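Visitor: These protein sequences, in sequence, are chains A and B.
The letter at position 71 of the first sequence is residue 70 when you use numbering that gives the first Met the number 0, and the numbering goes up by one with no holes.
The letter at position 378 of the second sequence is residue 377 when you use numbering that gives the first Met the number 0, and the numbering goes up by one with no holes.
Rather than coming from a laboratory, the hints here were simulated on the basis of the structure.
Values in this document were obtained by computation on a predicted structure and should not be read as measured data.
Hints are supplied without guarantee of correctness; some may be wrong.
Pairs of lysine-lysine, DSSO-like flavour, derived with a Cα cap of 30 Å [claimed, not checked]: (1) B:Lys41 <-> B:Lys321; (2) B:Lys50 <-> B:Lys73; (3) A:Lys135 <-> B:Lys50; (4) B:Lys208 <-> B:Lys232; (5) A:Lys135 <-> B:Lys208; (6) A:Lys135 <-> B:Lys264.
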Amino acid sequence: METALNATFEVLSFGAIIVLVVLGLGIVASMMGIFNFAHGEFVLLGAYTTYLVYSAGLPVWAGMLVAPVVVAACGFVLERLVIRRFYATPIAAMLATYALGLVIRESVRGLIGGLYVSVPEPLVGSLIIGGVRLPKWRLAIVIITALVMVGSYLLLARTSFGLRVRAALENPSLARASGISTNAIYAATFTFGAALAGLAGALVVPLFSLSADLGVRFLIQGFLAVMLGGVGTFEGPVAGGALIGVMSAALPWAVAPVLADVLVFVIAIAFVKFRPGGLIAARRL
Amino acid sequence: MDEENGDRSAAPTMNRRCVLQSAAWMGGAIATGIGSWVIPPKWASAATPIKVGIATDLTGAIGYAGNANANVAKMVVKDINNAGGILGRPIQLFIEDTASNESVAVANVRKLIQRDKVDVVLGGITSSMRNAIKDVIVARGKTLYIYPQLYEGRECTPYIFCTGPTPAQQCDEFIPWLMKNGGKRFALPAANYVWPHILNEYARKVIEKNGGEVIFEEYYPLDQVEYSAPVNKIMTNNVDVVFTTVISPGVGPFFKQLYEAGFQKRGGGLSCVYYDENTLNINAPYEIEGLASCLDYFRAVTRDDPVSARIQAEYDKEFPGKILFSAGSAATGMYRGLKLWEVAVKEAGKLDRDAVAAALDHAKIFEGPGGPAEMVPGKRHCKMKMYTAVAKEGNYEILARSEGLVDPKEC
Numbered sequence: 000m001e002t003a004l005n006a007t008f009e010v011l012s013f014g015a016i017i018v019l020v021v022l023g024l025g026i027v028a029s030m031m032g033i034f035n036f037a038h039g040e041f042v043l044l045g046a047y048t049t050y051l052v053y054s055a056g057l058p059v060w061a062g063m064l065v066a067p068v069v070v071a072a073c074g075f076v077l078e079r080l081v082i083r084r085f086y087a088t089p090i091a092a093m094l095a096t097y098a099l100g101l102v103i104r105e106s107v108r109g110l111i112g113g114l115y116v117s118v119p120e121p122l123v124g125s126l127i128i129g130g131v132r133l134p135k136w137r138l139a140i141v142i143i144t145a146l147v148m149v150g151s152y153l154l155l156a157r158t159s160f161g162l163r164v165r166a167a168l169e170n171p172s173l174a175r176a177s178g179i180s181t182n183a184i185y186a187a188t189f190t191f192g193a194a195l196a197g198l199a200g201a202l203v204v205p206l207f208s209l210s211a212d213l214g215v216r217f218l219i220q221g222f223l224a225v226m227l228g229g230v231g232t233f234e235g236p237v238a239g240g241a242l243i244g245v246m247s248a249a250l251p252w253a254v255a256p257v258l259a260d261v262l263v264f265v266i267a268i269a270f271v272k273f274r275p276g277g278l279i280a281a282r283r284l
Numbered sequence: 000m001d002e003e004n005g006d007r008s009a010a011p012t013m014n015r016r017c018v019l020q021s022a023a024w025m026g027g028a029i030a031t032g033i034g035s036w037v038i039p040p041k042w043a044s045a046a047t048p049i050k051v052g053i054a055t056d057l058t059g060a061i062g063y064a065g066n067a068n069a070n071v072a073k074m075v076v077k078d079i080n081n082a083g084g085i086l087g088r089p090i091q092l093f094i095e096d097t098a099s100n101e102s103v104a105v106a107n108v109r110k111l112i113q114r115d116k117v118d119v120v121l122g123g124i125t126s127s128m129r130n131a132i133k134d135v136i137v138a139r140g141k142t143l144y145i146y147p148q149l150y151e152g153r154e155c156t157p158y159i160f161c162t163g164p165t166p167a168q169q170c171d172e173f174i175p176w177l178m179k180n181g182g183k184r185f186a187l188p189a190a191n192y193v194w195p196h197i198l199n200e201y202a203r204k205v206i207e208k209n210g211g212e213v214i215f216e217e218y219y220p221l222d223q224v225e226y227s228a229p230v231n232k233i234m235t236n237n238v239d240v241v242f243t244t245v246i247s248p249g250v251g252p253f254f255k256q257l258y259e260a261g262f263q264k265r266g267g268g269l270s271c272v273y274y275d276e277n278t279l280n281i282n283a284p285y286e287i288e289g290l291a292s293c294l295d296y297f298r299a300v301t302r303d304d305p306v307s308a309r310i311q312a313e314y315d316k317e318f319p320g321k322i323l324f325s326a327g328s329a330a331t332g333m334y335r336g337l338k339l340w341e342v343a344v345k346e347a348g349k350l351d352r353d354a355v356a357a358a359l360d361h362a363k364i365f366e367g368p369g370g371p372a373e374m375v376p377g378k379r380h381c382k383m384k385m386y387t388a389v390a391k392e393g394n395y396e397i398l399a400r401s402e403g404l405v406d407p408k409e410c
């Protein structure tokens, strides 16, 4: 029983981590129609910023507060300089963002000397409730992910900013005719996506250690999640992320780990075959 | 303020020699292409220089290790040249980047063989890299190849000499020590590639021969970062010793989850035989407190071995910074490889491949990082001292050392 509860928590927390990472990717993919291949490196930048602030002698949580802002700023600059030139050609946009990601990754590799560096958790230790061990920081990530998810949903679904974002996606010319600057909206959406990536990187770096390849693994899982969840909605990628995270953490409990890794992909691909639009295909929100 | 002025006056001013030197260097760099470095000796003689090729991962995922290898090669070659070279000839160093990428590597190593016509090649860090470049060097290239990294063994190709530790060297003394200090119930969580598979095969034999038991041996995808299932298995099966070969990026989260589950708190022993000074920072020190490793060298050895202390000090002086001189990244194997080859060439009296290989077959050095080393005749592998070290508050402490030189038991 305790093992089962422990397992449930571990699986849930990894699901939360993937959701957190996928959130920014999903928003940019769904609201802008751009697959941001540099998303993993934005996560990395968030992690790196946290590390820099921490190694400057400030507390880790300060770094985690700064990271989304710094990464958002980077995202904004890159959107203005590079990404906005590719809205008409999504395929070229993938290549452009991939190139940006490569530059960021290799620069960080140079800066940290190609090594792995540990960043401590702001909350050390575990809570033990009824025999179930809950590492505090993983618990914090689950809670923060839930809050960020709800916050992002409300922002996109309930505010006038969200309405304009969706308008710019649905019908850019009509949105412009109605006096919405789609240019500014795209920039803001991309910046928001980058900020979420930065936050994700900052929160997960204590669990995975900082290294230049931190984002690569999450990028692949993120794309699988977006594909599985369906592009075009807010809930789609989030649900996809949760499913991928839960599957990758839960399957190794049941089958050989090497098989589990492949099985996640097989299940995801089989699912998309039968439901090409993904889990949540309709464009509602 | 004074210090600043002092520094400035000490800085080299541009003079004719300086210009010539950098022009020569630049010329070399341009002529050889990107990713190639030629380091000419400081002196020249009537004799043409001996050409030593280094093929190592200067860039890419394991660049930190490759750069350490290149640094060690520069240091050793400089020392040899300062002492008059070999057979009265200076050594010229050719460094090629293998870029942590086998297909790039093959093309670059071909340059060493076909264009630069080097007399020996040292390098390669991963086994997949060695397998990719060895044919270019020894079969088609008809050149001697020295492989410096700890590895799974079984490389018995003629003209390939291995100067890093093998499974026997890393297990024969270490596993009995683990059983004495940890317990008899072992878990072997591992990354799914060739080195862990063959190392575990050997480790299992040693464990069972000594009356221990392998509770489980399991392989994970190389990029797996979530280890709750194996950690749970370790905890519920009362495993005494975790002998892991999980590699980065997984090893950090794995150790963290193991620590969070309370493995060390209930007396579990942690061990990982590639752990050196470079990997200490992956986790917070308390998460890997007590982790045991077994290698041919640790920085801690310098405390009571003056030769190691001298080599380490020389390296630190020439290459201060993040690129460390450590055993896990093949830097010590590179040192031994170059020194053994020097001895062999001196004995052979010429650079002919067969003559040098015959001399290298029984070459010995009395001074090296961690102690002396000697090739086992007919085996093309190297006997060396092995050390068992344990992580204590972010540093290693040597807790056991081999009596003499440990046999590689290969080929």
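Visitor: Hint by hint, say whether it matches the structure.
Guide: Cross-check of the supplied hints:
no., hint, verdict
1, B:Lys41 <-> B:Lys321, "holds (27 Å)"
2, B:Lys50 <-> B:Lys73, "holds (13 Å)"
3, A:Lys135 <-> B:Lys50, "violated (58 Å)"
4, B:Lys208 <-> B:Lys232, "holds (24 Å)"
5, A:Lys135 <-> B:Lys208, "violated (42 Å)"
6, A:Lys135 <-> B:Lys264, "holds (18 Å)"
Checked against the numbered hints listed earlier, the structure breaks hints 3 and 5; every other hint is satisfied.
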